[in-house]
Each structure stands twice: as structure tokens, then as C-alpha cells.
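Use the sequences and the hints to build the structure in full.
The primary structure of each chain is shown beneath.
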Amino acid sequence: MILFGLAVVCMRSPVSSAMCLVVSFLGLAALFFTLDAFFIGIIQVLVYAGAVMVLFLFIIMLLDLKTAPPRKLNILAWSGGGLVLIGFVALLMKVVLGDPGLAIPKPALATDNLNDVKLIGLTLFTDFNLPFQIIGVLLLVATVGVVVLSRRELK
Amino acid sequence: MNPLLLEVIVVVLGIVLLMLEAFVSKSDKTFLAWIGIGGLFAVLVASFFTVPVPADAPYAAFYTTDALAMFFKRFSLLATILVLVMGIDYAPTVEKFVPGASKGAGVGEFLSLPVLTCAGLMWMVSAVDFIAIFVSLELVTISFYVLVAYMRRSATCLEAGTKYLILGALSTGFIVFGITWIFGVTGQTNLAAIATVLPQLPASASAALLFGLGLVLISLGFKIAVFPFQFWVPDVYQGAPTPITAFLSVGSKAAGFVVLVRVLTPFLQDETIGAKVAGVLAVITGATLLFGNLAALPQKNFKRLMSYSSIAHAGYLLMAVTSIGVAVAEPAISFYLAAYLAMTFLAFLVMALVASAVGGDDLSNFNGLARRSPWLAGAMLVAMLSLAGIPFTVGFLGKLYIFEVALSAQHYWLVGIGALTVACGFYYYLQIVRAMYWMPAAENAAAVPVSMTSRITMAALAIAIFVFGIYPQPILSMLG
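So the protein sequences, as listed, match chains A and H. The working numbering applies: residue 1 is where the first sequence begins, and numbers increase by one. The working numbering applies: residue 1 is where the second sequence begins, and numbers increase by one.
What the hints contain is simulated information worked out from the structure, not anything from laboratory work. Think of the CB as a built atom: it goes at the ideal place given N, C-alpha and C, for glycine as much as any other residue.
Stretch by stretch, here's where chain H covers chain A in the computed footprint (C-beta under 8 Å, at least three residues): (1) 80-94; (2) 117-131.
Calculated pairs, SDA-like style, for lysine to any residue (alpha carbon to alpha carbon, straight line, at most 20 Å): (3) H:K276 x A:V95; (4) H:K300 x H:N365; (5) A:K94 x H:G184; (6) H:K276 x A:G98; (7) A:K94 x H:A205; (8) H:K300 x H:R434; (9) A:K94 x H:K276; (10) H:K300 x H:S356; (11) A:K94 x H:F211; (12) H:K26 x H:V16; (13) H:K96 x A:V148; (14) H:K26 x H:K103; (15) H:K103 x A:S150; (16) H:K96 x H:E159; (17) A:K94 x H:A203; (18) A:K94 x H:F177; (19) H:K163 x A:G81; (20) H:K26 x A:V148; (21) H:K103 x A:R152; (22) H:K276 x H:T265; (23) H:K163 x A:G145; (24) A:K118 x A:L46; (25) H:K96 x A:L149; (26) A:K94 x A:G82; (27) A:K94 x H:S204; (28) H:K276 x H:A205; (29) H:K103 x A:L149; (30) H:K163 x A:V148; (31) H:K96 x A:R151; (32) H:K163 x A:L149; (33) H:K96 x A:G145; (34) H:K103 x A:V148; (35) H:K300 x H:L430; (36) H:K163 x H:R152; (37) H:K96 x A:V147; (38) H:K276 x H:S206; (39) A:K94 x H:T180; (40) A:K94 x H:S206.
Structure below.
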């Protein structure tokens, strides 16, 4: 997953980048499956690897993007960015490896056939109803924004 | 009435404005701003007649209506009203830089989106749960992405929009990652629940907790523009449409500070990690104060100057946030932000008028303004004096309260840096005053035309700066 994530950034052709992103998403879905979160895993495949990526490919084809030409390496920017990256990963590793929670084994599910979809739906529409409604407003704003920013001529 | 209704009314108002924009065939779209101003004003009045949310309501875990939340709801409403007032005068500029098929195209959305942003700000200041914080923060940020890049025929505006989008998306990633770490350690997203869980955690968990909190701090640091997360500020402030720059620097910053206060309070009051968090914050505060004030000194463009000044003001506010664990800081922060609202909007109102009359926002455009338009120069003088912190203005009292809080928390060296940088501030704010009163005007300069709305708004803000600078009790009593 990480390997293909890196490939997304490094590939010169946008189409190969997009395909690598699909594989990366599949890896993430597999991670959810191992955590017994089947519903989220399937949604990950359907929505991200399926719908979102098709959209990405459509955009790439519509814009007719060419393979990016190789750029000259900016040593200063690379070393600066590299230092931040190494520092962040080192800090992350230190925290992860030093955490006692890592040694605790994963508890088994109480029942084998947990009704994921129903539980998520219930949580979403009862306990988390307010944030869910706010997301509705967010989508409205995003839609209006896309129209305003992308139409050739506004009426 | 239920306080949640306030946001619902604001959202409905935003949708009504969008509908009117779509179905009313009138080329002058500024009537939308008047409806918006009227509606928001009605909500502002209604906010004084609300009852607290019942504790057993299903949304009570996400949404609070304490004194801080109510104060900043009114603050957001007032800021949005001022943005719409500025938007009326700014509409011709928007029209010029938006590709439109007919007259007035694109102005309607420009005037109705801030209303929806306002709803986001109002939810944000009430949010007491990481989930609610995240969704309301995103609502605000996404609407700002659109508004910042709005004038897409202007290259600087597009540049500002792109920079804001990329760095904003990055900071969103950080906050989500941070929230998952904090959730992983505490098992809670609700801030009150986190506060009760914190003392029971084993000492070994504090590394993961601090890591998560650090990530959240990076993201919020981006929103409130503190060092070292301030790189986007000058370019975005300069490129964005002027009313949006003012909105960004007041509304987004204030709501960011409220969230910061809410998120940090349980951690700063915790015995094991409180001192560490305060230490990190103190370093950021010192760096922000120095950077904001020193980088503002050589600026020649008004909007860039205001952007560095906004970084500097974030530094003063952060000084009070640092003291939360040991002193009562919320009233000082709220008062400072209220003062900041009045003086920033006054400065931007004058600037927008001068810039559209002269055709640029460089400092040299203010040369000899006192002779051309003495009242406008007077308004700017009031704003600058208050931003610099001259006695008898709200800016002075705001800084006084902040320093008082920091002193009672024994952050002596921070107060030292603060006092030094205030002196720095005198130089660059008074630079504008010097340009207005002592520099000769350009040959062909004429008086700047000012609409009646702007006149009334500027007079009200200038009077508020002096009145609350001498008699701050009304604001203080609202803070409880």
C-alpha cells in the first residue's frame, strides 16, 4: 500500500499515478477487512477504488494531461523536505513503538455476524445526526463553489 | 427559542439568497446583500432570546451554548454583516474579474456564500466534540476556498486560492490524523469526556497523546496563522477579494481561537502534560510575536502589512491561550478578538474604498489622503491607533487584559517580548498615518467617493473603538 502510495507521487504519467492510487486504496480496504470492519472495507472499494477513481480518470482524459517532463532537482528543497519527512517518520516510529497498547491483543468480536450496515446507519442518524446535517450544508457550499469556479461564463 | 435554530435560520437564509439569485432576473444583485444583512441582523437580535440546550438533547454532546459560544455566535453574525456591507461596494470589482454572460453575473453567489460560511462559524464556536469541530471547520474552510479564488480572471486571486487550497487540505489531513491519535488513547471524541478520562490514563500513554495533540495544534496553527504555519498568509491576504481578506482575518481566526481554547483547555489543565503543552505554546507565541511584528516593518503593500499584523495579533492572543492552565483567560481572549473585529474591519473598509478609487493597494496610494478625504483618513487613523494599542482605544484595553493574564500566569519573558513588539507595531502602523497626513498626494488625485452605507458603518466602528476603549463593561458583562 505504501509502495503504491509512493508510486502515485513519483510516476510521471497521470494515468499510471491514478492506477497506483487504485491499488493503494485496495490495500487500505484489505487493512479494514483484517480489522473486521467489512462494511467500511467494501465501501472503500466501491466508492474510492470504483467511483472516485473513475472520476479521476475521466478528468485526466478530459483535460488531456500529458506525461510531465522530468524536472531539475532542487537540492535545497529536497533536502529540506526530506529532513522534515525523516523527522516526522522518526517521531511517529518512536511514539508507535513506545506505546504499550501495541502489545495488547485484538479482542475477538462478540458475535460473528455483526450487522455493520444497520449499526453504522443507526449511529449516523441518531447520535451523530447534527454533524451529518452539517456535512449536508458543506456539500451544498462545495457544489455552488464548483459551479461558480468552473463555468465558462456565469449567467 | 432553541439556539440551534439560529444556525438553521442562517442556513435557510443562505439557501433563499441562492434561490433568489437564480430566479430573480434583476441585473443589480446588491439587493441580495441587503436581504442578507437584514436576515443576519434579525438572527443577531434573536440570539438574545435563546434558552440553553437541554442536557439530555441528542446533540448536546456536540453542541454547547455557554457564554463563550453565544458571544462568538454574535461575533460571527456581526462579522458577516460587515463583510456583506463591504461586498456591496466591492460588487463592481467582482463583476470585472468574473467571466459573465450578462451584467451582474457572479455577484449573487459572492454575496450569499458568506452567509453559509457564517453558519459554519457559528457551529464551530459551539462545537465541543472533535467530530463536530471537524465538520464545521471543513464547512468554513471549503467555503473560504471558493471565496478566496472567486475572481478567477485575476492571476493573484487564483494564486491565493491555489495556495490556500493546498495548504488547507494538508492541514485538514493533520487534524484528522491528530484526532485519531487522541481518540486512540482516550477512546473519546467529546472534549468533556476527554477531560474526565485524562487523569486516569497511564503515564506511558502521554507520548501518543502529545503526538496527537501536536498534530491537531499544527492544523489549528494553520487556521489562526501562527509561526511557523504562517507562510500562506501574506499571499492569500493580498490575492483574495478585500471583503474576504477581512472575513478570513477576523471570522476564521476568531473561530479558530475558540476551537483552540476548547481543545487545549483539558490538556493544559492536566497535571502530567499541562506544563509541556504550555511550554510548546509559549515558544510558538514568542516566535509568532517576533516574526509577525518584524516582518511587517519593511512592507509596502497595505494588505501584506495587515497580514503580518494579523500574525502579530495571533501572537498576543496565543499569549493568553498559553496561560489557560493557571489563569482565567477566556474573557481576555474574547475581548481582544472583539476589539480586533472593530479595528480590522474599519481598516479594510477604508482600504477597499481607497484601493477601488485609486486602483491599487500599495501604501503609496494613501499619500495625502488627509487632504483629499479628511474623514476617510480620520477613520483610518482611528483604526491604526487602535491596532497599535494607544490608550483610550479598544486595542489598548485588549492588550492590557492579555498582558494582565500572562503576568498572573507568570509568563514574564513573554510579556517582555510582547512589550517590545508593541513598540515595533507603532512604527509600521504609524507609517500609514504618516503617508496619509504628511506625504504629498499624487498630481491627479481626487477625493475618494464613499457610499452612505460605508459612511454609517465606518462611523459606527470608529465610535465603538473609542466607546468600548473607555467603557468596556458591556462587552465584559456579555462574557459573564
